[in-house]
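Student: Here's the letter readout for the chains.
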Amino acid sequence: NAGVMQNPRHLVRRRGQEARLRCSPMKGHSHVYWYRQLPEEGLKFMVYLQKENIIDESGMPKERFSAEFPKEGPSILRIQQVVRGDSAAYFCASSPFRQGDTGELFFGEGSRLTVL
Amino acid sequence: GEDVEQSLFLSVREGDSSVINCTYTDSSSTYLYWYKQEPGAGLQLLTYIFSNMDMKQDQRLTVLLNKKDKHLSLRIADTQTGDSAIYFCAEKGDYKLSFGAGTTVTVRA
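From first to last, the protein sequence lines stand for chains A and B.
Our numbering numbers the first residue of the first sequence as 1 and each following residue consecutively.
Our numbering numbers the first residue of the second sequence as 117 and each following residue consecutively.
Everything labelled a hint here was simulated from the structure, so no lab data went into it.
Small disclaimer: the values here were computed from a predicted structure and weren't measured.
Just so you know, nobody snuck in bad clues.
To give a feel for the contact side, a few chain B residues facing chain A, derived at Cβ under 10 Å: (1) Thr146; (2) Tyr151; (3) Gln153; (4) Gly156; (5) Gly158; (6) Leu161; (7) Tyr164; (8) Phe204; (9) Lys208; (10) Gly216.
Cβ atoms here follow ideal geometry from the backbone N, Cα and C, with glycine treated the same way.
For reference, chain A alone in the conformation it holds in the complex (with noise of 0.2 Å):
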């Protein structure tokens, strides 16, 4: 049983240019979240998502970020026009309910952008 995949795991932009970052979650898990570790910091909340549904984006800059999880497909975060300040890790995780039975969040292994 797949774990939750993400991909590319290391991307490397220039300012101005668009991140893509792709979340596949665990089998049977139809609840998606964003994470965003900066350097030396905690995980911040980025975005909650269930297939095709934004359920809370409060945690994501109004401009440039966007998320999406299509019916088909993997979720996407899509970073336009980066900033050096964008350089992070992007965690994505899954779960197979809103409440879950223990909430348990379960982790991919990351993507790491650097934009130059």
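Given chain A, put chain B in place with the hints provided.
Tutor: Showing chain B alone in chain A's frame:
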């Protein structure tokens, strides 16, 4: 509110016990968690505790919860070099987890 705080660094000698502390603010949290992150990897759940418990033991791990003070701790007995990692405390709100900044544990021989 969602504000989880933990100390940033802990150095411990191999074989000793490690204690990592965490404070949280959301008194309505139902579950509290400890996650472990090894270098370059994602987070793995170590253990969790339900808010109506005050202690949970799982092999070398002991979690203590003081709801009155909103204080959570993780004790690792007989710390090994493989325990070197970043440990994150997290609390569960309605549907999302709020994390602390992580405690980097370094195990020295």
